[in-house]
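Using the sequences and the accompanying hints, generate a full structural model.
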Amino acid sequence: MDGLVLKNLGRRFGAVDAVKDFDLHIKPGEFVSLLGPSGCGKTTTLRMIAGFIDPTSGSIELDGKVLSAPSGSVPPEKRGMSMIFQSYAIWPNMTVAQNVAFGLNLRKLPSDEVKKRVGAVLETVRMSHLADRYPAELSGGQQQRVALARAVVIRPAVLLLDEPLSNLDANLREEMRFEIKRMHDEFKITSVYVTHDQGEAMVTSDRIAVMNNGRLEQIDSPYALYSRPKTRFVASFIGRTNFLSGNCGNHMIDFSGFSVPLGMLGEEVTGGGPITVSIRPQAMKLSATEAGRDKAINLEGSVKQSSFLGETWDYVFQSREGGLQFRVAAPPADVFQVGAPAWLQIDPKQIVPIAD
Amino acid sequence: MTSVSDTHAMGWSKDEPAKVRVPWRQRLQPANLLWLFLAGILAVLIIAPMWTLVVSSFTDAKTGGWTLQNYVEAYGKERHITALTNTLKMGACVVILKLMFGVPLAWACTRTDMPGRNFVRYSVFGAFIMPPYLAGVGWILLAGPNTGWINKIWHAVSGSTEPLVNIFSFGGLVLVTAIGGFFLVFVLVSSAFEMINSEMEDAANILGAGPFKTAMKVTFPLVMPAIIGAALLSFLGAIALYGVPALISIPARYPVVVIQLTEFFSFPLRIEVAAAYSIPLLLITAALLGLQKLILRRKGYVSVSGKGGERRIVKLGRWRWVLFAYCMIVVSLAVIMPLFVLLLAAFSESWTTGFSLSNLTLSNFHYVLFEHSSSQRALMGSIGLGIAAATVAITLALFIAYIVQRKLLPFSSVLAFLAVSPYVVPGIVLAIGFYAAYALPPIALYGTYMIMALAFITRFLPIAFTTSSAGVRSIHPEMEEAVRILGGGRTTALRHVVGPLLKRTLAGGWLLIFVPAAQELSTAIFLVGPTTRVVSVVLLDLSEEGELEKLAALGSVLLIIIVAVVALGMKYLGRDFMLRRS
Ligand SMILES: Nc1ncnc2c1ncn2[C@@H]1O[C@H](COP(=O)(O)OP(=O)(O)O)[C@@H](O)[C@H]1O
Ligand SMILES: [Mg+2]
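Respectively, the protein sequence lines represent chains A and B. Position in the first sequence (first residue = 1) + 216 = this note's numbering. Position in the second sequence (first residue = 1) + 36 = this note's numbering.
There may be inaccurate statements among the hints.
Derived list of chain B stretches under chain A, where covered just means 3 residues or more per stretch with a C-beta under 8 Å from a C-beta of chain A [said to hold, decoys possible]: (1) 502-516; (2) 522-535.
Over the 10 Å line for every Cβ pair with chain B, so calculated as not near, a few chain A residues [said to hold, decoys possible]: (3) 224; (4) 436; (5) 486.
Keep in mind that the hints were calculated from the coordinates and are not lab data. Computed from a prediction, not measured in an experiment: that's the story for all the values here. From the three backbone atoms N, C-alpha and C, an ideal C-beta is built for every residue, glycine too.
Structure below.
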């Protein structure tokens with residue numbers, strides 16, 4: 217198989233499974249993020265790909281060649297990958313240019329070729345004017361650019377990034393996200409990006425692998441993850457959501473206070489019994505009057521809380537029948553007072569059944 | 037295929053997969069062999085001498101059987117017990133004096149606007165470079181009862197024939213011991229003062245405390261652990277010091293432990309008794325260092341280990357001159373006066389006749405450099421041993437520190453523990469251990485430079501390890517991983533990244549070992565042979581022969597060499613490399 221393949225990958229530390237039964241296929245040129253809360257095994261997975269940690273089960277293959285297996289592994293220096301570290305790991309004893317040239321010199325390229333490629337990559341990250349500076353004389357963002365240049369200049373088979381933006385302040389972080397995205401679009405390097413920040417993952421990735429407790433929960437494009445989460449963990453970790461439990465049977469799902477015909481949902485639901493669904497705050501609309509009864513679900517109730525977040529209102533709506541509570545997002549112009557009566561419309565296509 | 041690639045960022049203790057049973061031949065991998073090799077070196081340097089020391093204290097010299105007779109002999113005489121209690125008494129007094137010298141100077145130099153702070157700092161640094169026994173000789177020249185210059189001036193001025201001051205007394209012993217070691221108090225307490233963030237003091241000010249109250253209630257309590265630690269180390273340094281008692285306590289008729297030990301070591305040689313007699317020194321040291329650890333671990337004090345924030349300087353107003361005067365007195369007593377008379381004596385025909393142009397000569401230098409039977413060789417020996425001890429100790433320590441910090445081998449903390457353990461062994465006790473283990477046949481290293489080199493390496497291994505360890509710790513493992521992922525092996529990483537980044541730290545550590553090693557006396561005293569002498573021992577011989585001018589000349593030569601090396605180091609490393617660390 218072409219690309220990077222993790223098969224049934226696992227790593228134990230003592231009695232703890234840091235990573236377990238992890239399957240992933242990353243296509244050549246693809247940008248995949250590993251997203252999950254701190255301690256879920258992202259770094260361990262990435263370092264296994266890099267070769268700094270050996271797996272205790274499963275294997276890692278690149279373009280059909282086994283790199284890692286419990287029986288032994290190719291050492292990091294023989295993998296032709298590169299990595300951007302959380303601490304940047306820019307060598308303080310070398311100038312910017314020397315840092316970037318290091319990997320090329322290890323590959324014994326002729327010196328004019330090294331010069332040309334260093335110059336070109338520094339141009340791309342807009343650091344040419346600082347080529348002779350030492351790292352101590354650079355800001356955090358500039359150091360990050362050097363790290364980026366140093367990693368891509370060798371045209372690695374795989375680029376690994378471990379929370380590369382977590383040490384930057386908020387504005388720079390936003391800027392660097394796009395920088396990373398731009399570099400990827402330019403060089404098309406197969407990339408694995410570790411982060412606990414969903415915004416970063418959404419902006420940069422072709423696909424996001426959401427991890428929890430050492431296991432893969434779901435891998436999908438950012439849009440699919442958001443609109444069609446498969447598990448409760450994914451639904452709550454990516455964006456905010458409302459969980460509703462109901463009962464499935466007789467071509468209907470019954471929630472307390474209302475029910476929805478199965479045919480109206482966005483996907484097919486089989487089987488019966490208890491069911492949980494996720495409804496995003498954006499999948500609903502608040503209005504002061506009862507709107508047309510035709511396709512949407514309409515609930516009567518009142519506004520319980522409101523907070524203004526700048527780009528949206530965040531309301532808590534409580535239905536009169538069943539007393540269900542929903543978080544609802546509304547555009548800034550839709551102003552409701554707390555306590556005011558209101559109607560809630562839910563788009564049934566955006567009701568997503570999830571596994572608990 | 038590799039199995040040692042499994043390094044990880046700092047902070048995780050267990051990085052081993054589930055335990056599996058391994059056939060023992062498989063355990064003989066290079067990594068494990070390396071562990072055994074390092075452990076073997078440390079066993080030779082530390083375990084064997086210490087083990088032999090303890091065992092021989094229970095061994096009958098004639099039959100080789102088990103006995104308590106050595107202890108009976110060591111502690112059976114009242115004189116021997118007196119020496120022990122005298123030592124403790126002297127140690128306590130020295131501690132008080134060292135604190136009186138070191139703490140105010142540290143405060144003045146770090147937290148006040150006293151004039152001449154840098155001058156004081158450099159002078160204190162001079163006290164570190166000057167070996168205690170040379171300061172001792174300087175004070176004999178100054179305050180010997182009949183011929184000391186202070187007394188001569190006193191006789192001339194007052195017409196009295198009684199000495200004004202007598203260095204050959206308990207007070208003299210305490211003073212000279214204290215000036216030889218208050219450097220350490222200064223360094224430890226200074227760095228504690230530098231750690232205190234002024235915001236803590238501001239907080240007290242805001243709540244209504246004046247400057248004096250703030251100092252008493254906030255500032256000093258915060259540096260208290262450093263002061264206590266410095267006091268303990270001062271005590272240990274004082275009771276184990278050999279040079280100063282050798283010069284002063286015999287004429288002062290004030291027997292102390294180290295002198296008693298040399299008596300066991302002179303004819304008839306009774307190593308077993310010496311071993312038994314040195315055990316309390318070892319136990320006291322271990323106990324006090326344990327106590328220090330306990331004190332420093334108490335939670336209330338962690339604030340001092342925080343990083344230094346902005347520090348405000350106390351404006352002393354008129355008092356700054358009072359403090360300055362006090363600092364000048366201390367510095368004069370410790371460095372300026374003894375150094376001055378020492379240099380003067382080195383250039384004098386006869387120090388008793390006082391200063392005059394006709395008394396000036398270079399013959400003392402000519403004598404010690406070209407005529408004296410062993411001083412040339414001793415100079416080479418001291419410098420050579422200093423270089424060898426510093427180089428080997430730093431190299432070995434770097435190896436161990438790297439392995440320990442990067443968790444490359446299992447059980448590496450055992451290596452770390454061994455590397456710092458000589459810290460609890462006073463130099464003179466270490467020498468007895470080395471003598472007992474290696475001097476006599478079958479190993480028969482007596483009379484070689486080898487045995488001294490080994491002992492010196494052991495003695496300074498803890499400093500070397502602490503320095504290297506801090507250096508390695510300051511290099512983020514990702515720095516090396518960045519090399520490896522780009523295609524370089526571990527050696528490439530060591531050569532291009534770790535090495536260059538550690539250069540300064542290691543050179544600083546090297547100097548911190550070279551300076552005391554080139555002057556070392558306590559460890560050398562029982563290990564020198566007829567043809568293997570070091571300067572410190574030759575200086576003591578000269579003092580016994582009463583050749584104080586020649587002694588001063590040889591001491592000056594040693595000082596000049598050390599100062600030259602240190603000056604080179606400062607040029608390369610920046611001025612503050614020694615004052616910075618603890
Ligand atoms: N070297 C190690 N020794 C012991 N436990 C470890 C080690 N490395 C990681 N772990 C544990 O494995 C789990 C996953 O860690 P990590 O991969 O660093 O998480 P993440 O990067 O997602 O925050 C954590 O519980 C962590 O404590
Ligand atoms: Mg991590």
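How the hints compare with the structure:
1. 502-516: Coverage by chain A holds here, the residue count being 3 at a Cβ distance below 8 Å.
2. 522-535: holds (count 7)
3. 224: Check passes; 17 Å lies beyond 10 Å.
4. 436: holds (29 Å)
5. 486: holds (41 Å)
Of the numbered hints given earlier, the model fails none.
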